[in-house]
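Starting from the given sequences, assemble the full structure and let the hints guide the process.
The listed protein sequences correspond, in order, to chains A and B.
Using our numbering, the first residue of the first sequence is number 1, and each one after it goes up by one.
Using our numbering, the first residue of the second sequence is number 1, and each one after it goes up by one.
It is worth saying that the hints were derived from the structure and are not from the lab.
In this text the structure is predicted, and so the values were computed from the model without any measurement.
Be careful, since some hints might not be right.
To give an idea of the chain B side of the interface with chain A (calculated C-beta under 10 Å), a few residues [claimed, not checked]:
#1 Asp130
#2 Ala131
#3 Val136
#4 Leu139
#5 Ile144
#6 Asn145
#7 Ala146
#8 Leu148
#9 Arg151
#10 Tyr152
#11 Ile197
#12 Asp199
#13 Ala245
#14 Leu246
#15 Asp247
#16 Asn248
Once the Cα atoms are required to be at most 30 Å apart in a straight line, the calculated DSS-like pairs of lysine-lysine come out as [unchecked claim]:
#17 Lys223(B) <-> Lys39(A)
#18 Lys223(B) <-> Lys268(B)
#19 Lys20(A) <-> Lys110(A)
#20 Lys195(B) <-> Lys110(A)
#21 Lys256(B) <-> Lys20(A)
#22 Lys268(B) <-> Lys39(A)
#23 Lys20(A) <-> Lys49(A)
#24 Lys268(B) <-> Lys387(B)
#25 Lys223(B) <-> Lys387(B)
The beta carbon of each residue, even a glycine, is placed where N, CA and C say it ideally should be.
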Amino acid sequence: MDIPRNWRLRDQRYRLQGTKCTSCGERHFPPRQVCPRCKGRALEPYVFKGRGTVYSYTVVYQAPEGYEDYVPYVVALVDLEEGVRVTAQLTDISPDEVSIGMPVEMVVRKLYEEGDQGIILYGYKFRPLLTP
Amino acid sequence: MRDVAIVGIGQTPVREHWDRGLRDLAVEAILAAMDDAHIRRADALFVGNMLSGTLGFQEHLGALIAEYAGLEGIEAVKVEAACGSAAAALRQAVLAVQSGQVDVAIAVGVEKLTELASKCTTNALAMAADADYEAVMGLSFVAINALLMRRYMYEYRVNKEDFAAFTVNAHANAQHNPFAMFRMPITREQYAAAKMIADPINLLDSSPVSDGAAAVVVAAADKAWEFSEAPVRVAACEVGTDTVALDNRENPLWLKGVERSARRAYQKAGISPQEIGVYEVHDAFSIMAALSLEASGLAEPGTAVRLANEGEITPQGRIPIATMGGLKGRGHPVGATGLYQVVECVLQLRGQAPAAVQVPDVQYAMAQNIGGSGATVITTILERLTK
Ligand SMILES: [Zn+2]
Numbered sequence: 001m002d003i004p005r006n007w008r009l010r011d012q013r014y015r016l017q018g019t020k021c022t023s024c025g026e027r028h029f030p031p032r033q034v035c036p037r038c039k040g041r042a043l044e045p046y047v048f049k050g051r052g053t054v055y056s057y058t059v060v061y062q063a064p065e066g067y068e069d070y071v072p073y074v075v076a077l078v079d080l081e082e083g084v085r086v087t088a089q090l091t092d093i094s095p096d097e098v099s100i101g102m103p104v105e106m107v108v109r110k111l112y113e114e115g116d117q118g119i120i121l122y123g124y125k126f127r128p129l130l131t132p
Numbered sequence: 001m002r003d004v005a006i007v008g009i010g011q012t013p014v015r016e017h018w019d020r021g022l023r024d025l026a027v028e029a030i031l032a033a034m035d036d037a038h039i040r041r042a043d044a045l046f047v048g049n050m051l052s053g054t055l056g057f058q059e060h061l062g063a064l065i066a067e068y069a070g071l072e073g074i075e076a077v078k079v080e081a082a083c084g085s086a087a088a089a090l091r092q093a094v095l096a097v098q099s100g101q102v103d104v105a106i107a108v109g110v111e112k113l114t115e116l117a118s119k120c121t122t123n124a125l126a127m128a129a130d131a132d133y134e135a136v137m138g139l140s141f142v143a144i145n146a147l148l149m150r151r152y153m154y155e156y157r158v159n160k161e162d163f164a165a166f167t168v169n170a171h172a173n174a175q176h177n178p179f180a181m182f183r184m185p186i187t188r189e190q191y192a193a194a195k196m197i198a199d200p201i202n203l204l205d206s207s208p209v210s211d212g213a214a215a216v217v218v219a220a221a222d223k224a225w226e227f228s229e230a231p232v233r234v235a236a237c238e239v240g241t242d243t244v245a246l247d248n249r250e251n252p253l254w255l256k257g258v259e260r261s262a263r264r265a266y267q268k269a270g271i272s273p274q275e276i277g278v279y280e281v282h283d284a285f286s287i288m289a290a291l292s293l294e295a296s297g298l299a300e301p302g303t304a305v306r307l308a309n310e311g312e313i314t315p316q317g318r319i320p321i322a323t324m325g326g327l328k329g330r331g332h333p334v335g336a337t338g339l340y341q342v343v344e345c346v347l348q349l350r351g352q353a354p355a356a357v358q359v360p361d362v363q364y365a366m367a368q369n370i371g372g373s374g375a376t377v378i379t380t381i382l383e384r385l386t387k
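Encoded structure:
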């Protein structure tokens with residue numbers, strides 16, 4: 001992916017910034033221009049706390065190009081406390097320790113490297129909850 | 001709006017066609033469909049395709065394929081909706097003829113997935129998902145379906161081994177279909193031992209990367225008998241959508257796109273789900289077959305796997321699916337798949353399916369083509385016509 005595209009997404013990748021609807025209070029990640037619930041257009045930025053639980057997960061053995069070095073890795077659907085679900089890798093945990101319902105928190109880690117000369121992309125992952 | 005019918009069908013075998021290009025495959029399917037309808041011309045061509053640009057560096061398929069099929073000069077465009085592209089093209093052909101703007105339209109779906117190395121194909125297929133929020137996390141298309149399957153097993157207390165019933169049925173049927181990619185049966189033991197791709201999805205849960213093309217000729221129903229000895233009425237061809245990213249769905253185990261599309265189709269056709277005699281399901285993965293059966297109103301939530309294990313999905317069962325192998329056994333040339341499903345439904349309605357998988361006296365057959373993990377769904381209901 002090109003540099004401007006990743007730069008554009010920095011608030012999402014590094015701090016889970018989404019939007020909150022000023023009409024109905026619904027929160028969204030990724031950020032939106034139209035609230036899916038009430039169709040309102042008055043939205044403001046909202047930074048998610050980054051804590052949640054695992055809704056589902058998979059252990060990837062055959063990775064897409066660029067991710068081969070990391071197999072096996074875990075990708076999960078995480079239910080955030082604020083009531084939004086995000087897709088992210090789990091980190092600091094071995095695949096056989098993961099379970100549905102386990103509490104996790106967001107950290108920023110390397111997502112991938114684009115070859116020797118390309119960019120190194122960082123973004124959110126989730127680890128088992130350490131912070132009380 | 002006038003009634004429309006399918007008056008001609010054509011398909012190429014689903015294979016790794018190393019010796020044939022995208023246009024060769026598309027033209028073969030189109031010519032077969034035109035011969036079947038006894039026509040030498042058409043007014044419009046709608047080409048379903050997902051990845052010709054990414055994998056073959058070729059876009060602009062409408063004009064290109066019209067030209068090589070001997071149809072140069074007619075209206076022709078490409079239609080894209082990920083793995084739902086082919087049925088989305090059929091929808092355009094149906095609308096064109098229904099409206100009266102066009103008398104004879106051809107819909108063709110074509111895909112050439114083996115053009116590049118398999119890693120590129122994996123990345124390209126992930127383009128059906130959200131690039132910024134799903135694919136970037138290292139999530140392949142298989143992995144997205146694995147997330148669904150894991151949650152399904154958890155919520156409904158279903159064992160992984162029980163999903164074998166879908167694969168076993170698909171392969172058992174595919175062996176009778178000369179156009180199918182995998183013409184050999186598989187056992188539950190082979191399923192249990194298959195290599196894991198994205199746990200819990202293994203190789204035998206997944207449809208194969210392959211090439212192929214399928215086409216149909218659409219004409220006004222009141223003229224259908226002028227073209228064909230066995231025309232089939234398009235009772236409905238309805239599109240429903242859902243969020244592209246799985247995580248934006250409140251309940252990912254309920255495919256709202258399927259529900260919306262199927263409900264519209266039943267309503268348009270004026271029938272209930274129970275009247276469907278054959279259901280060509282979008283079984284790109286076993287879990288998709290289960291979720292589709294449920295959201296289409298053919299099984300209660302959480303019961304599709306049991307239904308499959310009770311033998312109800314075989315050609316002799318209550319709701320036969322994947323009668324010619326489905327995506328798993330026939331193969332899944334993504335942007336062509338939806339029209340393979342339709343061609344197979346037409347064969348069933350005509351009574352021209354291979355004897356071992358022919359379902360007797362089918363009045364209504366349903367083909368359901370899905371783009372992505374359920375974001376675009378096209379449900380087509382076909383009805384047998386009698387003179
Ligand atoms: Zn709102």
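Evaluated hints:
1. Asp130: For Asp130(B), the interface hint holds, since the closest Cβ of chain A sits about 8 Å away, which is under 10 Å.
2. Ala131: holds, 8 Å
3. Val136: holds, 6 Å
4. Leu139: holds, 5 Å
5. Ile144: holds, 8 Å
6. Asn145: Where the cut-off is 10 Å and the nearest Cβ of chain A is about 9 Å from Asn145(B), the hint holds.
7. Ala146: Hint on Ala146(B): holds, closest Cβ of chain A at ~4 Å, below 10 Å.
8. Leu148: holds, 7 Å
9. Arg151: It holds, given that the least Cβ distance between Arg151(B) and chain A is near 4 Å, below 10 Å.
10. Tyr152: holds, 9 Å
11. Ile197: Since the shortest Cβ distance to chain A is 5 Å, the answer is holds.
12. Asp199: Holds: closest Cβ of chain A sits about 4 Å from Asp199(B), inside 10 Å.
13. Ala245: At about 7 Å, which falls below the 10 Å cut-off, the nearest Cβ of chain A leaves the hint on Ala245(B) intact, so it holds.
14. Leu246: Holds, because the Cβ-Cβ distance from Leu246(B) to chain A comes to roughly 7 Å (cut-off 10 Å).
15. Asp247: holds, 4 Å
16. Asn248: holds, 7 Å
17. Lys223(B) <-> Lys39(A): violated, 45 Å
18. Lys223(B) <-> Lys268(B): holds, 21 Å
19. Lys20(A) <-> Lys110(A): Cα-Cα ~28 Å, so holds.
20. Lys195(B) <-> Lys110(A): Judged against 30 Å, a Cα distance of about 28 Å means the pair holds.
21. Lys256(B) <-> Lys20(A): With a Cα-Cα distance of about 24 Å, the restraint between Lys256(B) and Lys20(A) holds, given a limit of 30 Å.
22. Lys268(B) <-> Lys39(A): holds, 28 Å
23. Lys20(A) <-> Lys49(A): This hinted pair holds, its Cα atoms lying about 13 Å apart.
24. Lys268(B) <-> Lys387(B): Roughly 22 Å separates the two Cα atoms, so the pair holds.
25. Lys223(B) <-> Lys387(B): holds, 12 Å
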